[in-house]
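Visitor: The primary structure of each chain is shown beneath.
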Amino acid sequence: MALTMGSMSGSTVQLPLRTKLQRVERRRKLRAFALVLPLLLFILITFVLPLSRMMRSAIHDDTLSLLMPRTTAALRDWDGKELPEERVYDALAKDLKRAWMEKTVGKVSLRVNYELPGAASQVKSSARKLSGLSGGPYKAALIGISPLWGERDVWGVLKRGGSSYTGFYLLRSIDFEYNANSRIVASPGEKAIFRDVFLRTLMISITVTAATLLLGFPVAYLLAKLPPSTSNLLMIVVLLPFWVSVLLLTTAWVVLLQDNGVINGILMSLHILSEPAKLLYSRFGTVLAMTHIQLPFTLLPIYSVMKSISPSHVRAARSLGAGPFYAFWKVYFPQTLPGIAAGCLLTFILCLGYYITPALVGGPGDQMISNFVAAYTNQQLNWGMASALGAILLTATLLLYIVFNKLVGADRIKIG
Amino acid sequence: MLQLNRKQAYKGLQHPGGELVLRQSAATKSSLMPPNGHVGDDAFVRFAGIQKTYDGEALIVKDLNLDIARGEFFTMLGPSGSGKTTTLMMLAGFEVPTEGSIFLAGRSIGTMPPHKRDIGMVFQNYALFPHMTVEENLAFPLKVRKLPKPEMEARIKRALEMVRLSAQGKRRPAQLSGGQQQRVALARALVFEPKLVLMDEPLGALDKQLREEMQFEIKHIHENLGVTVVYVTHDQGEALTMSDRIAVFNDGVIQQIAKPAELYERPENVFVAKFIGENNQLSGKIIALNEPACTVEMPGAGIIQALAVNVGMVEQPTVLSLRPERVKLNPLPGSLPNIFSAKVMEVIYLGDHIRARMSVCGRDDFVVKLSNSEGIAHVEPGVEMTLGWKMEDCRALRPS
Ligand SMILES: Nc1ncnc2c1ncn2[C@@H]1O[C@H](COP(=O)(O)OP(=O)(O)OP(=O)(O)O)[C@@H](O)[C@H]1O
Ligand SMILES: [Mg+2]
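Quick mapping for you: the protein sequence lines, in order, are chains A and B. Residue numbering for the first sequence follows my numbering, starting at 1 and increasing by one per position. Residue numbering for the second sequence follows my numbering, starting at 1 and increasing by one per position.
Among the clues, some could well be false.
Said to hold, decoys possible - In silico DSBU-like pairs for lysine-lysine, Cα to Cα no more than 35 Å straight-line:
hint	chain 1	residue 1	chain 2	residue 2
1	B	Lys208	A	Lys307
2	A	Lys225	B	Lys146
3	B	Lys195	A	Lys330
4	B	Lys116	A	Lys330
5	B	Lys170	A	Lys307
6	B	Lys149	A	Lys330
7	A	Lys307	B	Lys116
8	A	Lys307	B	Lys143
9	B	Lys170	A	Lys330
10	B	Lys157	B	Lys170
11	A	Lys330	B	Lys143
12	A	Lys307	B	Lys195
13	A	Lys81	A	Lys124
14	A	Lys406	B	Lys146
15	B	Lys146	A	Lys307
16	A	Lys330	B	Lys146
17	B	Lys149	A	Lys406
18	B	Lys170	A	Lys225
19	A	Lys225	B	Lys143
20	B	Lys195	A	Lys225
21	A	Lys225	B	Lys116
22	B	Lys157	B	Lys208
23	B	Lys157	A	Lys330
24	B	Lys219	A	Lys330
25	A	Lys406	B	Lys157
26	A	Lys406	B	Lys170
27	B	Lys143	A	Lys406
These aren't lab readings, by the way, just hints derived from the structure by calculation.
This is chain A alone, in the form it adopts within the complex (with noise of 0.2 Å):
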């Protein structure tokens, strides 16, 4: 009896008490989220929004299916092996007739000309000269009014854009098109750089990682022996490069690297140099100032785990019988890998960003494939490609990361 009732009282006690628990754990994660919230929203409004929107340019464009929609339907069952039919051609006069008056036909040749470079002129005088035109056969007078109409190529054009989402942006980003019968192909010579532009990249990426790693460890060692008095000042010189902005040091670069500059002046004056070195516009000059402006990046989480290693690791090798270069070598640096790892990363994901330095300091053939996405959005206004490349290089970068994580492990990583 007495067993029953304890047992009882017991479950009657244990429910309320997972449910006070539970409203406790709700309220203390309403409070969570509520902290974190703006900048959820911030983050979510200015940056994976725009930033889904330019991924989906990469893949999607309905300029041709919005403003050709008689063409591209009549297109649908064509099998690109001859010329299309006369109701083909009729459809297209119409679209371009319309386009003409609605004034979108600059938008149509735009387009077209993307993948048929030069073909805008051609599409548009074929517009204006249409609307001159009262009724058809159209095949024979278009033919007539521009040979382009008289190749298939355009009409693979046309018929691929019946499709509102297209992967001619990234084909393009990996040197590849489509032929007229829309068989997937290399770019011819002239038109495939981007694989190039991208190893570029990772090779400029990789050299300034080595060289900050190279000069910014001994520094951070020093950093982390010296007493603070002392370390203090190089510390500050160190950060330098961090107070100051990318592009007042670059045009610092600028002045120091040209043909008249200081380096060459210095060099020509000790009789080293009996002409300027071509060191602006160089590869030379870009890894230069792009090593100047990274060191931070990849010394201070070096330093901070530097920091954090007890001197009496290296004390106990060398009682154990390690001579100096021994223990630092096995006992010392491995301890410093995660700040190693960590300071490399951040350098080098910075670096495959990079866009004003080689801009500024370096020639045609150092340019990054930020420099592409930057010229496609200002001066080409083909957001298609530069999503495409962007996008290209997002994955890249979180491929490599992910790589990175396999083989050294998120957990050894160490900001600070």
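Mind docking chain B with the ligands on chain A? Use the hints.
Guide: Relative to chain A, chain B with the ligands alone:
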């Protein structure tokens, strides 16, 4: 210029320490273990006239002369900042003496780099290599010495058995408890079979119970292996339980070197008396000196018969040191040379004993320790009684 100043400073400071050493050697000639700096020519470790300064101004170690015998468990005890670690680091080779030389097995090791000294070392924070497993930590000194693999494995296995950690060999230091890490550090310092092991407050980070357990374990290992141990601590209990001999450091000077019991029973100066165990200190003036006893007058409180341990001349001031447990309650009149009336001020009950604060000789901070046996029931605040102590238990020391 600096050199000159230092020399002068050291001459001035050398005096009390130097004299103490001499007295000590005279007092303990019969003991088995060499009591002080004079082990003889076969001293295993010898500090000869060592001085150390970091900044060129303050001497952290002032004229250290010390011999340590082979197989001895030698402890350096002293308050924080007294130069114990500095002394140990000079022996290990991480600090260079500003003056003097250190001998190891008869050879001067002044210029020998740390890794050639073959000295095992246990650091206060263990200094285990965090990126290596326990076994790799133990293998480190053996790899450096290029031992053959089977020999290496056998030694690691033995060392792990010695510290009872055979099951934890594959773990990393971070996965071990404090006591286990400490034992790994101990095993690593011993696995390459050094003749000398230095330990700098190795138990400082452990809780009381674990510390006592480890004290026993370290002592046990020392006895089994017969290595020489130089041990640093600021815990007097630890020093007393573990050591063959103890050097008490203060302000860079050795105050006394003695066996544990002797250090406790016969402190030679006020610092040692204060630092080792509890004691009552009474200041007075010597009015008569008849070795080994002396008569001391307490101004306005009476005359005390004391043992003249380390005193000046008649008319000079002195400090009397008296252990709280050496005071007898209500002695028969005439049975002891020193008998005074007292009044109980405060009683603290501590289980196996009680501590009573009494008012005696015009002072009311006189502490008496009474074992919890019959006859303490009447010790209550306000009770008046008499206290007495022997002449030998009351030691007259030079005031510091
Ligand atoms: N590298 C150093 N540079 C300058 N002064 C130092 C250095 N190491 C120690 N000191 C000084 O030397 C004195 C003695 O230090 P030491 O470490 O030997 O003391 P310790 O007896 O080991 O004390 P603790 O019990 O606190 O460890 C201290 O005043 C300390 O400030
Ligand atoms: Mg210390």
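Visitor: For which of the previously enumerated hints does the structure constitute a violation, in increasing order of number?
Guide: none
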